[in-house]
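Asker: Here are the chains, one letter per residue:
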Amino acid sequence: MTFRKIDLVSRQNWQSLYNGEIIHILVGTATCGRAAGSMAVLEAIRREIAGLEGKARVSEVGCMGLCSYEPLVVIVKPGDFSVCYHHVTPLIVPQLVEGYVKGDDPCLDLALGTVAGGGDEAVYIPELDLFKHQARVLLRNCGYNSPLEIDHYIACGGYRGLSSTLEMKPAQIIRKLEKSGLRGRGGAGFPTATKWAACSQTKGKTKYVICNADEGDPGAFMDRVLLESDPHAVIEGLIIAGYTVGAGQGYIYVREEYPLAIERLEMALKQAKEKGLLGRKILGLGFSFKIEIIKGAGAFVSGEETAMIAAIEGRRSWPEHRPPYPAEAGLWGKPTLVNNVKTLAYVPLIIQNGSDWFAGIGTGNSPGTALFALAGKLENTGLAEVPMGTSLRTLVYDIGGGIKKGGRFKAVQIGGPSGGCLPEGLLDTPIDFDSLKGAGAIMGSGGVIVMDEDNCVVDTARFFIDFSRQESCGKCTHCRIGAHHLFSILDDVTKGKGSLKSLEALQALAEDIREGSLCGLGKMATNPALTTLRYFRAEYESHVLEQRCPARVCKELTAYYILPDKCYKGCDHCVLACPAEAVFSDEQGLKVVDQVKCTKCGSCELVCPAEYNAVIRLSPVSLVPENRRTKPQTPVKEP
Amino acid sequence: MNTKESDLSSILNHNRRHPRYLIATLQEIQSREGYLSSEAMLEVAGFLDMSSATVWGVATFYNQFRFTPPGKRPVRVCLGTACHLAGGQLVMEAVARELKIEVGGTTEDREFDLDRVACIGCCALAPVVTIGTDVYPKMTPPKVEEVIVELNPPSAHKD
Numbered sequence: 001m002t003f004r005k006i007d008l009v010s011r012q013n014w015q016s017l018y019n020g021e022i023i024h025i026l027v028g029t030a031t032c033g034r035a036a037g038s039m040a041v042l043e044a045i046r047r048e049i050a051g052l053e054g055k056a057r058v059s060e061v062g063c064m065g066l067c068s069y070e071p072l073v074v075i076v077k078p079g080d081f082s083v084c085y086h087h088v089t090p091l092i093v094p095q096l097v098e099g100y101v102k103g104d105d106p107c108l109d110l111a112l113g114t115v116a117g118g119g120d121e122a123v124y125i126p127e128l129d130l131f132k133h134q135a136r137v138l139l140r141n142c143g144y145n146s147p148l149e150i151d152h153y154i155a156c157g158g159y160r161g162l163s164s165t166l167e168m169k170p171a172q173i174i175r176k177l178e179k180s181g182l183r184g185r186g187g188a189g190f191p192t193a194t195k196w197a198a199c200s201q202t203k204g205k206t207k208y209v210i211c212n213a214d215e216g217d218p219g220a221f222m223d224r225v226l227l228e229s230d231p232h233a234v235i236e237g238l239i240i241a242g243y244t245v246g247a248g249q250g251y252i253y254v255r256e257e258y259p260l261a262i263e264r265l266e267m268a269l270k271q272a273k274e275k276g277l278l279g280r281k282i283l284g285l286g287f288s289f290k291i292e293i294i295k296g297a298g299a300f301v302s303g304e305e306t307a308m309i310a311a312i313e314g315r316r317s318w319p320e321h322r323p324p325y326p327a328e329a330g331l332w333g334k335p336t337l338v339n340n341v342k343t344l345a346y347v348p349l350i351i352q353n354g355s356d357w358f359a360g361i362g363t364g365n366s367p368g369t370a371l372f373a374l375a376g377k378l379e380n381t382g383l384a385e386v387p388m389g390t391s392l393r394t395l396v397y398d399i400g401g402g403i404k405k406g407g408r409f410k411a412v413q414i415g416g417p418s419g420g421c422l423p424e425g426l427l428d429t430p431i432d433f434d435s436l437k438g439a440g441a442i443m444g445s446g447g448v449i450v451m452d453e454d455n456c457v458v459d460t461a462r463f464f465i466d467f468s469r470q471e472s473c474g475k476c477t478h479c480r481i482g483a484h485h486l487f488s489i490l491d492d493v494t495k496g497k498g499s500l501k502s503l504e505a506l507q508a509l510a511e512d513i514r515e516g517s518l519c520g521l522g523k524m525a526t527n528p529a530l531t532t533l534r535y536f537r538a539e540y541e542s543h544v545l546e547q548r549c550p551a552r553v554c555k556e557l558t559a560y561y562i563l564p565d566k567c568y569k570g571c572d573h574c575v576l577a578c579p580a581e582a583v584f585s586d587e588q589g590l591k592v593v594d595q596v597k598c599t600k601c602g603s604c605e606l607v608c609p610a611e612y613n614a615v616i617r618l619s620p621v622s623l624v625p626e627n628r629r630t631k632p633q634t635p636v637k638e639p
Numbered sequence: 001m002n003t004k005e006s007d008l009s010s011i012l013n014h015n016r017r018h019p020r021y022l023i024a025t026l027q028e029i030q031s032r033e034g035y036l037s038s039e040a041m042l043e044v045a046g047f048l049d050m051s052s053a054t055v056w057g058v059a060t061f062y063n064q065f066r067f068t069p070p071g072k073r074p075v076r077v078c079l080g081t082a083c084h085l086a087g088g089q090l091v092m093e094a095v096a097r098e099l100k101i102e103v104g105g106t107t108e109d110r111e112f113d114l115d116r117v118a119c120i121g122c123c124a125l126a127p128v129v130t131i132g133t134d135v136y137p138k139m140t141p142p143k144v145e146e147v148i149v150e151l152n153p154p155s156a157h158k159d
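From first to last, the protein sequence lines are chains A and B. Under the working numbering, the residues of the first sequence are numbered 1 to 639, in order. Under the working numbering, the residues of the second sequence are numbered 1 to 159, in order.
Because the hints were derived from the structure by calculation, they are not lab data. Take the hints with a grain of salt, since some may be wrong.
With a straight-line Cα cutoff of 27 Å, these simulated DSS-like cross-link-like pairs (lysine-lysine) come out [stated by the list, open to error]: (1) Lys569/A - Lys523/A; (2) Lys143/B - Lys569/A; (3) Lys143/B - Lys597/A.
With beta-carbon atoms standing in for the labels, derived distance ranges [said to hold, decoys possible]: (4) Glu33/B - Met267/A: 24 to 32 Å; (5) Tyr18/A - Gly57/B: 27 to 35 Å; (6) Asp129/A - Asp7/B: 36 to 44 Å; (7) Lys72/B - Ala171/A: 54 to 62 Å; (8) Glu108/B - Tyr612/A: 34 to 42 Å; (9) Asn15/B - Asp434/A: 29 to 37 Å; (10) Tyr612/A - Asp109/B: 35 to 43 Å; (11) Phe287/A - Asp109/B: 33 to 41 Å.
Just so you know, even glycine gets a beta-carbon here, dropped at the ideal spot from N, CA and C.
So here's chain A without its partners, still in its complex pose (with noise of 0.2 Å):
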């Protein structure tokens, strides 16, 4: 079948969707939805909508990007708003059902606002200052279309990319690439046109290319949100690549711990064979091509290119010496491309809308958007996706809804355990690749995790040291051993046993370690500990010189203390809620922690009722009253 005629049939598919008088509810079931209950809310409104065929429709997509307000479900209504509704339970789906399906009342107080029509009537979604400033490239299908069926994606221009490639010869797709000056999304931001390029060029008749979904970061879920979503997208750019290398087959590596992302994408390669447009002779071409997903076992290290391939070839994912560059000898000593997810995504568009639509977003050296995921201490979480160049103030403040609870801005954390933690004074550094580097932070994997004044940074520095160590391959002795002696010195900063001179080492143990290590890994490990020494360093000083955690969050520096004038006697909160049995009362009835059997859980902090909140914790913990640390010995009565 040619490309016209599949076109038009999932035209005409997708318009008997939104043409007529069929009422179709959306409800978004990736991973965060479902963890916030979206499947049960999918079940209720099946159940009530049961006997409405004809009338309404149920479809699942995938996510919005608007984690902190799922289970989010959209009513798009023919000739009436479309409205989108938060925080949707089981509950309140018959309300909706019976309000907005049946009924005209679009229960607006329900809804988080329209995405279509409402006029003044309801908030505008695209004009809330969470998507203003957004730029939605990537997540352009995301949460509305499903992800269960092609039609939809070929009906909103997917495939075209990979129509027209199939017209060009490869060097005109990598001078295409080349003009728009995308940048690999895997963090390091090497041009892809030049690592096509490198691969088109190496001779070989046997290419493969490999799409990284090796999404390791703890804290980062675009690409998850990307193939749970819109995994046709990622498809179609992997089988542009591997026209263009000259490669017939693909491999797309995912971790095994994103079970729906693999079922999605299993979906989706099934429908595009059946659609011809993967498999042999695609769109009755000459081109073949065939994908296979593999099940990452969970290895950070394998996010990077040549610990990947050792991971395909069933071996222990190890980095290798380049050059050679995979592009030269990759898989199996085959001349291999590796893209990261969101660069695989990036090339349909660029191929159908050209180069200097992309290059026109961003800033000059890093064109196109950028795709965050926003977690941590912010108003709202989740997925965001901006121009290159906006401000990590924008991010925090505009978009992320600034610090929850009112609380104060105390750090950014960006590019996970290999990123930098960056202070309230560079909050305007622009997002891209350049200027983050010269922060001492990198793009990284775009995990953008947000500290108040409640967190700690030498904890979250000794958080990310911990994850890396646990994650060292072990090849390298500078990453597999300084590594070690890097959380162990950050260890004892955080029970207040180290001195001034700990920092010094700290200092020139992490420069040693990025000097001596092979991958990425081990060079960037040390990132956060650097930049919180850079940026925090009194911080450091008030945990060895006066056994404070500023943070009050270290756990050996940090005392519960009960407030006597605001305890009430009658109250037994506390004593029940500690597993140590460590809260007593006084003479008075006054509850008091002892300091030695306390396991500093915080059970009691959190279970002290609002209107007394007697439970504070102090550092160091030298503050805590002499009279108030342990219960005093009762002298044993004789008998």
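Please build the complex by placing chain B on the supplied structure of chain A, with the hints as guidance.
Answerer: Below, chain B without anything else, positioned relative to chain A:
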């Protein structure tokens, strides 16, 4: 033992008798058996004509594989960055305390096993615990106690 061997023979399929399928084969065994026993790994080594040390080396390299039988209900505490900042470590300690096992361990009655995961990707709900396929959002130590007591009432134990 007999049933186990016949089980494996359906996984050790001759189209995939190549070292490149080692990881996929181990994944299949684990998804069916729940863990990788030494016997299973020896059988895989023999089938793929690799040394058992190589198989062991690959299996222990990856986080996914476990070498002891799992509990009926796997408990996973997320210690990704967002969960860590929201107090995930305290939640982990609470779960370990309530189940009376350490990270990586299985309860004596083989009802629960406990492990950490590095981000399950629902950071907006941090800190998160999963038990089986159920997700427990925004956990705190007191909530952990409630949930575990509910799932594993002390009366169920025969002392």
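Asker: If a hint holds in the structure, say so; if it does not, say that too.
Answerer: Verification of the supplied hints:
no., hint, verdict
1, Lys569/A - Lys523/A, "violated, 56 Å"
2, Lys143/B - Lys569/A, "holds, 24 Å"
3, Lys143/B - Lys597/A, "holds, 21 Å"
4, Glu33/B - Met267/A: 24 to 32 Å, "holds, 27 Å"
5, Tyr18/A - Gly57/B: 27 to 35 Å, "violated, 55 Å"
6, Asp129/A - Asp7/B: 36 to 44 Å, "violated, 56 Å"
7, Lys72/B - Ala171/A: 54 to 62 Å, "holds, 59 Å"
8, Glu108/B - Tyr612/A: 34 to 42 Å, "holds, 40 Å"
9, Asn15/B - Asp434/A: 29 to 37 Å, "violated, 49 Å"
10, Tyr612/A - Asp109/B: 35 to 43 Å, "holds, 40 Å"
11, Phe287/A - Asp109/B: 33 to 41 Å, "violated, 58 Å"
Violated hints, listed in ascending order, are 1, 5, 6, 9, 11; each of the other numbered hints is respected by the structure.
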